[in-house]
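K.L.:
Using the sequences and the hints given, assemble the complete structure.
Note that the UniProt record's numbering has the sequence shown beginning at 1, numbered continuously upward.
I should point out that these hints are in silico values taken from the structure, not numbers from a laboratory. By construction, the Cβ of each residue, glycine as well, lies at the ideal position given by its N, Cα and C atoms. Just so you know, nobody snuck in bad clues.
Simulated DEER-style distance windows between Cβ atoms: (1) V291 with P237: 56 to 62 Å; (2) Q20 with P237: 51 to 57 Å; (3) T6 with G208: 24 to 30 Å; (4) K295 with R275: 17 to 23 Å; (5) V291 with L235: 47 to 53 Å; (6) K295 with S63: 17 to 23 Å; (7) V24 with V291: 53 to 59 Å; (8) N225 with G47: 22 to 28 Å; (9) Q20 with L127: 55 to 61 Å; (10) A109 with H50: 50 to 56 Å; (11) V291 with D137: 22 to 28 Å; (12) E271 with A166: 51 to 57 Å.
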Amino acid sequence: MNSLKTLITEKDGEKGYSRQYVKVTDTTENGVVCIDSDLDSNGKFRGITHLLSSVFLPQGYPSSVSDDYLEYQIWDTIQAFASSLSGSLSTRAILEGVGVGSSTSTPLAATLMWLIKDGTGMVGRILFAWCNGTKLDADSKKWRFFADLLNDCALSLELCAPYAVAAVGGSNGTMTSILCVAGVAKSIVGVAGGATRAALTQHQARQGNLADVSAKDGSQETLVNLAALITSLWLLPILDGATGLTWLMFILFTLLHVFANLKAVKAVTMETLNRARYMIILKQFASTKYVASVKEVNRLEPVIIGLIPTGNFII
1 MNSLKTLITE KDGEKGYSRQ YVKVTDTTEN GVVCIDSDLD SNGKFRGITH
51 LLSSVFLPQG YPSSVSDDYL EYQIWDTIQA FASSLSGSLS TRAILEGVGV
101 GSSTSTPLAA TLMWLIKDGT GMVGRILFAW CNGTKLDADS KKWRFFADLL
151 NDCALSLELC APYAVAAVGG SNGTMTSILC VAGVAKSIVG VAGGATRAAL
201 TQHQARQGNL ADVSAKDGSQ ETLVNLAALI TSLWLLPILD GATGLTWLMF
251 ILFTLLHVFA NLKAVKAVTM ETLNRARYMI ILKQFASTKY VASVKEVNRL
301 EPVIIGLIPT GNFII
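P.N.:
Right under this line is the structure:
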């Protein structure tokens, strides 16, 4: 008759999956068997929910991440989807502006234009990191929101490019200038967005799992971009030649992007002090003799660069 004795029980977080190591003793042999709660007797996942959780959520979720993780990721997913769709519209405009499909444009001219755009973007990236690199950690929410607003401005500029070129009679210099300005803006977005993403990921990781949280965030973003790509394949042929409808969709996507970003950064509850959060605590205590909670301080913290918290400032 078999006898089972539990030796060790592992559990990934408060609501995570458990794994037991049991000692099996019978009349013929002794051994240690691992019993995994998220696998059936055949070693397959018990359900689609378990599979999706293991693919897209950090191990040990939700206890392995901060309390604001889920709300932030939901809004971040929405903004990424909207931004990808806006980017598809602007990409079509850029290709039209550099002369794709035009008999008067040459591959060499388009290549040189693209190289100049990339070069100016690289210079802009270096200068921005030099001037503002030390500010990105303390005010990660502000710079994250700033980066996404600047990205929308760059996409808007790219969408306007073909009309600007047509207005001046098809000048390559005009298109190059527009692409360079947009390229510099996107380079700044890359620095500010990437640096603040790292700061926010560090805030979310609660069990020394920074790499896991970052990797799963990348998986979520890849899935969103894939969904946006499929949507773009369906949407772009519909918008072909429909200038008014194209601008309407772009404006709607941009508004959704800004709104979702605002909700995302306001959902983050940072537990460290920066100048804005420190000023909020001081003003609250000076007027009420009450120390505001972490959530209240973060709710009152402004997320626009240059704004200083005053009174009950909430945007």
